[in-house]
Amino acid sequence: MEITKAKYIQFRGQNSCIEAEVDGETLQIPFDPDNVHYTEILKQVEKGTLTIEEAD
Amino acid sequence: MPRSKIIGVQTDFGRRNMFINGSLEIDQRHEYGITSQGNGSDYLGDRLNIEGLSGGGGANMQVVTDSPNDLPNMRSAKVTVTSTDTSLAVGDYYTLRHIIEGVNCKHLGYGTSNAKTATLSFYVKSSVTGIFCVAVGNGANNRGRPYEYTINSANTWEKKIIVVTGDTSGTYETGTGRGIIIRWCMGAGSNRQSPVGSYSANEVHASSNQTNLFATNGATFQIAGLQFEKGSSATVFERLSVNEDLILCQRYFWILDEKGATNDSVLAWGRPEASTEMIWWVPYPCEMRAVPSINVNGSSSDVYANSVSNIGTYTSQSLLWPNRKRAALHWTGVSSVNTSYSYDMVATGSRTWEVEFRAEL
Chain A
1 MEITKAKYIQ
11 FRGQNSCIEA
21 EVDGETLQIP
31 FDPDNVHYTE
41 ILKQVEKGTL
51 TIEEAD
Chain B
1 MPRSKIIGVQ
11 TDFGRRNMFI
21 NGSLEIDQRH
31 EYGITSQGNG
41 SDYLGDRLNI
51 EGLSGGGGAN
61 MQVVTDSPND
71 LPNMRSAKVT
81 VTSTDTSLAV
91 GDYYTLRHII
101 EGVNCKHLGY
111 GTSNAKTATL
121 SFYVKSSVTG
131 IFCVAVGNGA
141 NNRGRPYEYT
151 INSANTWEKK
161 IIVVTGDTSG
171 TYETGTGRGI
181 IIRWCMGAGS
191 NRQSPVGSYS
201 ANEVHASSNQ
211 TNLFATNGAT
221 FQIAGLQFEK
231 GSSATVFERL
241 SVNEDLILCQ
251 RYFWILDEKG
261 ATNDSVLAWG
271 RPEASTEMIW
281 WVPYPCEMRA
291 VPSINVNGSS
301 SDVYANSVSN
311 IGTYTSQSLL
321 WPNRKRAALH
331 WTGVSSVNTS
341 YSYDMVATGS
351 RTWEVEFRAE
361 L
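Respectively, the protein sequence lines represent chains A and B.
Letter by letter, the first sequence follows residues 1 to 56 of my numbering.
Letter by letter, the second sequence follows residues 1 to 361 of my numbering.
Same shape as in the complex, but just chain A (with noise of 0.2 Å):
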């Protein structure tokens, strides 16, 4: 699974979702750790391949 960009998106002033680059398509992806869109996220964040981008 190739993430290329991840950013948060948020609601009322909260982080809400990430919104991400995966595998040439943007989607949005909830904090669950059974969704492997979330769990490919960590770990690249965790390996410091990909930076979640603070929201606007």
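Here are a few chain B residues that face chain A, going by a calculated C-beta distance under 8 Å:
{"#": "1", "residue": "ASN39"}
{"#": "2", "residue": "GLY40"}
{"#": "3", "residue": "THR176"}
{"#": "4", "residue": "ALA290"}
{"#": "5", "residue": "SER293"}
{"#": "6", "residue": "ASN295"}
{"#": "7", "residue": "LEU319"}
{"#": "8", "residue": "LEU320"}
{"#": "9", "residue": "PRO322"}
{"#": "10", "residue": "HIS330"}
{"#": "11", "residue": "ALA359"}
{"#": "12", "residue": "GLU360"}
{"#": "13", "residue": "LEU361"}
Below, in silico cross-link-like pairs of lysine to any residue (SDA-like), each with a Cα-Cα straight-line distance of 25 Å or less:
{"#": "14", "chain 1": "B", "residue 1": "LYS116", "chain 2": "B", "residue 2": "GLU148"}
{"#": "15", "chain 1": "A", "residue 1": "LYS47", "chain 2": "B", "residue 2": "ASN141"}
{"#": "16", "chain 1": "A", "residue 1": "LYS43", "chain 2": "B", "residue 2": "ARG324"}
{"#": "17", "chain 1": "B", "residue 1": "LYS116", "chain 2": "B", "residue 2": "GLY166"}
For each label pair, taking beta carbons as the anchor points, the in silico distance ranges come out as:
{"#": "18", "chain 1": "B", "residue 1": "ASP66", "chain 2": "A", "residue 2": "LYS7", "range": "40 to 48 Å"}
{"#": "19", "chain 1": "B", "residue 1": "GLU287", "chain 2": "A", "residue 2": "GLY24", "range": "25 to 33 Å"}
{"#": "20", "chain 1": "A", "residue 1": "ASP23", "chain 2": "B", "residue 2": "ALA89", "range": "19 to 27 Å"}
{"#": "21", "chain 1": "A", "residue 1": "THR39", "chain 2": "B", "residue 2": "THR262", "range": "38 to 46 Å"}
{"#": "22", "chain 1": "B", "residue 1": "ASN39", "chain 2": "A", "residue 2": "THR51", "range": "16 to 24 Å"}
{"#": "23", "chain 1": "A", "residue 1": "THR51", "chain 2": "B", "residue 2": "GLU238", "range": "46 to 54 Å"}
{"#": "24", "chain 1": "A", "residue 1": "ASP23", "chain 2": "B", "residue 2": "THR313", "range": "23 to 31 Å"}
{"#": "25", "chain 1": "A", "residue 1": "ASP23", "chain 2": "B", "residue 2": "ARG239", "range": "26 to 34 Å"}
{"#": "26", "chain 1": "B", "residue 1": "TRP281", "chain 2": "A", "residue 2": "PHE31", "range": "17 to 25 Å"}
{"#": "27", "chain 1": "B", "residue 1": "SER190", "chain 2": "A", "residue 2": "GLU46", "range": "24 to 32 Å"}
{"#": "28", "chain 1": "B", "residue 1": "ILE255", "chain 2": "A", "residue 2": "GLU46", "range": "28 to 36 Å"}
{"#": "29", "chain 1": "B", "residue 1": "GLY175", "chain 2": "A", "residue 2": "LYS47", "range": "18 to 26 Å"}
{"#": "30", "chain 1": "A", "residue 1": "TYR8", "chain 2": "B", "residue 2": "ARG239", "range": "41 to 49 Å"}
Worth flagging that the hints you see were computed from the coordinates, not collected in a lab.
All residues carry an ideal CB built from backbone N, CA and C; glycine is no exception.
Mind docking chain B on chain A? Use the hints.
Below, chain B without anything else, positioned relative to chain A:
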């Protein structure tokens, strides 16, 4: 007559097939159209993951109506090579796979001393004859074992039955994660090869005898009637009704759309959060495996918020408050909503705008 004589020695009743959509009847993403995406995120029919076309080769992949005589009027998954990879690098692989959720295969006891024998059966048809492989492994990709089978006659449906020895070592998921992975290999470099006859602590797709389908431009490979069941014999293919197959698939993937509509129709209901914001409530057709990610296809000009007196379109949408049963969609930059009204989300044509909910393994 004793019941045992009527039903034989079969010990497991009810649903036998651990594969979902083994009939390949359900293809929510492509609706039987062609895909050529080989990066691991796509599916050739629901639940049959295109794990990868990871070398230089390419293919058109499609669920087609060609099926074996034993399964009349059914469908098969077809791969047609469109660009070759005649010399496989060590890391190359061309593989389809079905990942069985842990809760659906934990009764096999893989990873324990009581691991049970299971049987994989399927029909295969290829323009290329020779030795091909299927492989069985765990979700963590650190256990795997290949099995060889031979395609004897070109362009002819053949039924293959493979008795799979249960793995007594390693760790296999028993919850909602990846349980057992079954792979159909069409070519693999040495990194993913392993000898037949035992499990190894690797991700395994094939043995070194695997034929490289991608050596031949225009080569085809088809599979149908996919079944994986407990026990040492292959029973007849367990055909489900189309709606049973569909709802089982929707635990992992479904699309909010207005499929089949010829005019505008309602997708969801919601309320204004502010004069430029809408919140839409979206219940899922069934409980999903995990809280899903979403992907939006189509133009925002093909969907609008509709009330008794006005309509509004959005500029930005995001996933809000999702769980395994429902979610909300939050629209911002909405034109002209009246905070005194409730609204319908209306799409303007069949699949011109849609939201995919993905909780795949």
